[in-house]
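**Q** As given, the protein sequences belong to chains B and H, one line each in that order.
The first sequence begins at 1 in my numbering and counts up by one.
The second sequence begins at 1001 in my numbering and counts up by one.
Don't read these hints as lab results, they were simulated from the structure.
Each hint should be verified, as a subset may be incorrect.
To be verified - Not close to chain B: a few residues of chain H, all C-beta gaps over 10 angstroms, as computed:
(1) ALA1032
(2) ASN1036
(3) LEU1101
(4) LEU1151
(5) ASP1161
(6) GLN1174
(7) LEU1298
(8) GLU1330
(9) ILE1340
Said to hold, decoys possible - Every beta carbon over 10 angstroms from chain B, so not counted as near; a handful from chain H, in silico:
(10) GLY1031
(11) ASP1045
(12) SER1125
(13) ILE1342
(14) SER1343
(15) PHE1407
Stated by the list, open to error - One-sided and incomplete, this derived list gives chain H residues near chain B with beta-carbon spacing under 10 angstroms:
(16) MET1030
(17) GLY1040
(18) ASP1472
Keep in mind it's a predicted model, so treat the numbers as computed, not measured.
Glycine included, every Cβ here is placed at the ideal spot set by N, Cα and C.
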Amino acid sequence: MRRLALIIIFLLSIFIASGQNNTNSPYSVFGIGELDNAAGGRNMGMGGSGIAMKSDVFLNFSNPASLTAIPAQSLETDAGITIKFSDLQNSLNSVNVLNGNLSWAALAFPINRTFGLGFSLNPMSSVGYTISTIKSLDGANYSYPTTYKGGGGLSEASVSLGAKIGKNLSLGLQSSVLWGNISETNLDYPPMGSTITRVDNSNYIGTSFKPGFQFQSRLNKNTMLTIAGTTKLSTYLNGSNDLTISSGSSIVLTQLNIQNQIKLPVDMVLGIGLQFKDKYLFTADYDRSDWRNALVNVDPSGLALNQSYHVGLEIAPKYDSQRLGQTRRYRFGAFYQTGYMVISGTQISTYAASFGMAIPIRKDRNTMNFAVEAGRQGSLQNNLIVVSYVKLNWSFSLWERWFIPRKYD
Amino acid sequence: MERSFRAIAGFLFTAFLFSCNLTNVQDFQMGANFVNSTSGVVLIDTMQMVSSTVHLDSIVSSKLSRLLIGGYQNSLTGTVTSSPYFQISNSSFPTVLQTDLVYDSLVIKYNYDGYYIGDTTKLISFNVKRLDPITGTNSNGSTFNRAAFKLGLDGYLYNVDTFKLADQNLGLVQFYPSPTYKRDCYFRLSDDYGQTLFNNIINRTWIDTLSNLSYFKLFLPGLAFISPVNQNQIAVGISQKSIAMRLYYHAQVNPTEPKVPTYFNFAVNTNGVWYNHISYNSTGSLLGSISQPSNPLLSSSEVPSSNTFNQTMVQAGSGVYTKIRIPGSEALKGYAKNLILISAQIRLTPLLGSYTTTNTRFPTLSNNPLPDTLAVFVVDRRNVIAKQYASSVGSNIYAHKIIPIAFNQQPYYILDATSFFASEMASSTFTGYSLMIGTVGAKAGMMLNPFAFAPFDSSGNLFKLSVYCYIDKVYNN
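Could you build the full structure based on these sequences and the hints that come with them?
**A** Following this line, the structure appears as structure tokens:
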């Protein structure tokens, strides 16, 4: 019964997570849209860092090797929602938008002393934009108005397995199915003839693999150093496109099932974590993916080496208190991401600062997490846009005792 | 455990509520080049057009509102001369006629309709002729007498049609035209014929006979105003409805009392036949011998624009049209894989000086303004008209005159050739079709106005084809 309920919940999550349109940024017109790096409420409060985090309370699905920390007879679940306020601004206009969506849903449990198994579901990228601009008319020295509209995104469902190798080393492998739908509509308003509507509806599916490791070394009685790394291998998504072009209200061209392929580049992350008792945790990640090797619907000159730097700090002032509500944790973080897109010679970078808080909600190890991330993406140079945003994240980290053998009275 | 599930389920439900966009995706204005347009409209203005002037052997000129008299000569197309033929109906005759009636005169009456071309200071003259009924012998030896003046099998008469005229001349009419003169003009005709007609009327049996239209047609099948061949400087339009032949008479009364003239009115038969016979001679003009084709069996003759300083001509009345062949129109579909035709526009600029500009203050003598619209036909390789050029839903498409606002720019015509390109591209076989442009059909048989289209110029503005296509560059391989 419980397992059935679990499956139902997980399927519901899939339903919720797939096919969402949870961004509202003109930058999502490029590639597979805006990348979603969510890896848990704790990570979000700490500037997105945390592949070197290892906790028996908080699930960290940014690194499958961290699953070995789940205690025996436990079931850990974690789910979060995000609301994002954005202000889009360029020299022409300024627009405020509000989006909200499920950020992740994950559960994990240990199989035995060596292995931990986890399932997670999260949006991988989001597409959502309506851009009004002009198109130059080839062969003539004038332009005409055009509108691009897009929606959809890719979702990721993963199975992660962590294995403890010896006292200090854990290895893990995350296998994911990526799928989604991206719909692009382009309305051309040429000075002669009817409006031309080009609808390109793509369905993608693919798999990806992400091995990871965590190496822990106790520096002294109270200090633990963790070094971690993950590599998401180059991922291929097979796409099937349906193209429809209409002139006015009549369809003039239909091409169904055009096969195409998206290749996402290798994504390597290195991180360290330094923990003093349970009171302080400092994390830093370096993320590198070379999108110049990618194959997306963007001219290769528009792709760049994407590097990001994340740092985070967690403080639990009363970590050893036994009273409910006293063991609050405060999180601070920041990141800088160079971005994978180059538009008009400008790389679209993002920087953000975050603050988070974890509040225990029950006697056992259940926590409610809040995180706020305020960031800025893009540039006003070369007629680009600056997206200023505030993300509010609300998540639960729940712990349950599981697999207790029944005892006879 | 159960509580946890409930918590998570509740949480996911909340997430579900949030998962839609809280605000709609906002329309955001961006400058150019933010998105690399992967598809879009391209202009192809390098397609070749081959132009020529075509002379159709005949054009419809019957049952138009205007009868055209006179002629016009110009250096572009040559000389055209028009002689109208028309049927008149019988007058109504009183059942009882006085016995003391006296013939006065026979006159022809008409009114201008305002149209003219040429020099109005020149004298117009024409002979009024009577059409002859056809007489002959049947195979059984009996004779027949038949009014030959009737419409052709297709219901029309053409500018080249002729009918036999009686030798007798009913009168020579000569006048200096005043096309804007609104009142009726009267000219006296032959009294010999008038007296004959009068005598036939006052004879009671003749009245009964003449009251029957078919008998009247045998007696007087119709009239024609025959322009002399050298009449080439002025042509005027006569309102078809205004024409009538009148036979004036009076009753013999006491000489001390005033005469009371009255008349029998023979108006144009509006249910009958009338047309303009228009003769055309291109000799000595830019078109050379186009009016005398080397092969008279062909229904048209053609002069390439290379023989006429790259100009092409259009003239009403004579059947002179401009033909445009676009060799690449069918091949356009092969230009790119996902190519969608949006629009094809042909711009044609009339040659400056080949027409007169409308100037209300100082109307020019020749009065040859550009028409607002020109008719377009689809013709095959032998210049036989396949159909009038029309849109996919069947409405006729014309070339429209555009007068630029800038004072120093010339008027031009725009022809929307999209429908032509669409059908050419859709055709699996080579059609060989061309477009032929000229005077609108309803006016071609009642005007003589010529003009020329200017040749392709270095800036490509005077004679130009602009084809707009949407090309999908993403899947275009």
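**Q** Are the hints correct? Go through all of them and say.
**A** Each hint, compared with the structure:
1. Here ALA1032 of chain H does not stay apart from chain B, with its beta-carbon only about 5 angstroms from theirs, under the 10 angstroms limit.
2. Distance to chain B contradicts ASN1036 of chain H as a non-interface residue, since its nearest Cβ pair spans about 6 angstroms, not more than 10 angstroms.
3. For LEU1101 of chain H, the condition that its CB be more than 10 angstroms from all CB atoms of chain B holds, with the nearest at approximately 72 angstroms.
4. Every CB of chain B is more than 10 angstroms from the CB of LEU1151 of chain H (nearest about 43 angstroms), matching its label as outside the interface.
5. For ASP1161 of chain H, the shortest C-beta to C-beta distance to chain B comes to about 43 angstroms, beyond the 10 angstroms cut-off, and the non-interface label holds.
6. Under the 10 angstroms C-beta cut-off, the non-interface status given to GLN1174 of chain H relative to chain B holds; the minimum distance is some 55 angstroms.
7. Listed as a non-interface residue, LEU1298 of chain H keeps its Cβ farther than 10 angstroms from every Cβ of chain B; the least gap is roughly 38 angstroms.
8. The non-interface label for GLU1330 of chain H is consistent with chain B: the shortest C-beta to C-beta separation is roughly 18 angstroms, beyond 10 angstroms.
9. Its beta-carbon lying about 5 angstroms from the closest one in chain B, ILE1340 of chain H breaks the requirement of being farther than 10 angstroms from that chain.
10. For GLY1031 of chain H, the condition that its CB be more than 10 angstroms from all CB atoms of chain B is violated, with the nearest at approximately 4 angstroms.
11. The beta carbon of ASP1045 of chain H sits about 6 angstroms from the closest Cβ of chain B, which is not more than 10 angstroms, so the claim that it is off the interface is violated.
12. Every CB of chain B is more than 10 angstroms from the CB of SER1125 of chain H (nearest about 52 angstroms), matching its label as outside the interface.
13. Annotated as non-interface, ILE1342 of chain H brings its C-beta within 10 angstroms of a C-beta of chain B; the closest such distance is 4 angstroms.
14. Here SER1343 of chain H does not stay apart from chain B, with its beta-carbon only about 4 angstroms from theirs, under the 10 angstroms limit.
15. For PHE1407 of chain H, the requirement that its beta carbon stay farther than 10 angstroms from each beta carbon of chain B is met, with the minimum near 24 angstroms.
16. The restraint placing MET1030 of chain H at the interface with chain B holds, with a minimum CB-CB distance near 4 angstroms, inside the 10 angstroms limit.
17. Of the supplied interface hints, the one on GLY1040 of chain H holds, with its beta-carbon coming within about 5 angstroms of a beta-carbon of chain B, less than 10 angstroms.
18. The beta carbon of ASP1472 of chain H is positioned within 10 angstroms of a beta carbon in chain B (closest approach about 6 angstroms), and the interface hint is therefore held.
The structure fails hints 1, 2, 9, 10, 11, 13 and 14 (numbered hints given earlier, in ascending order).
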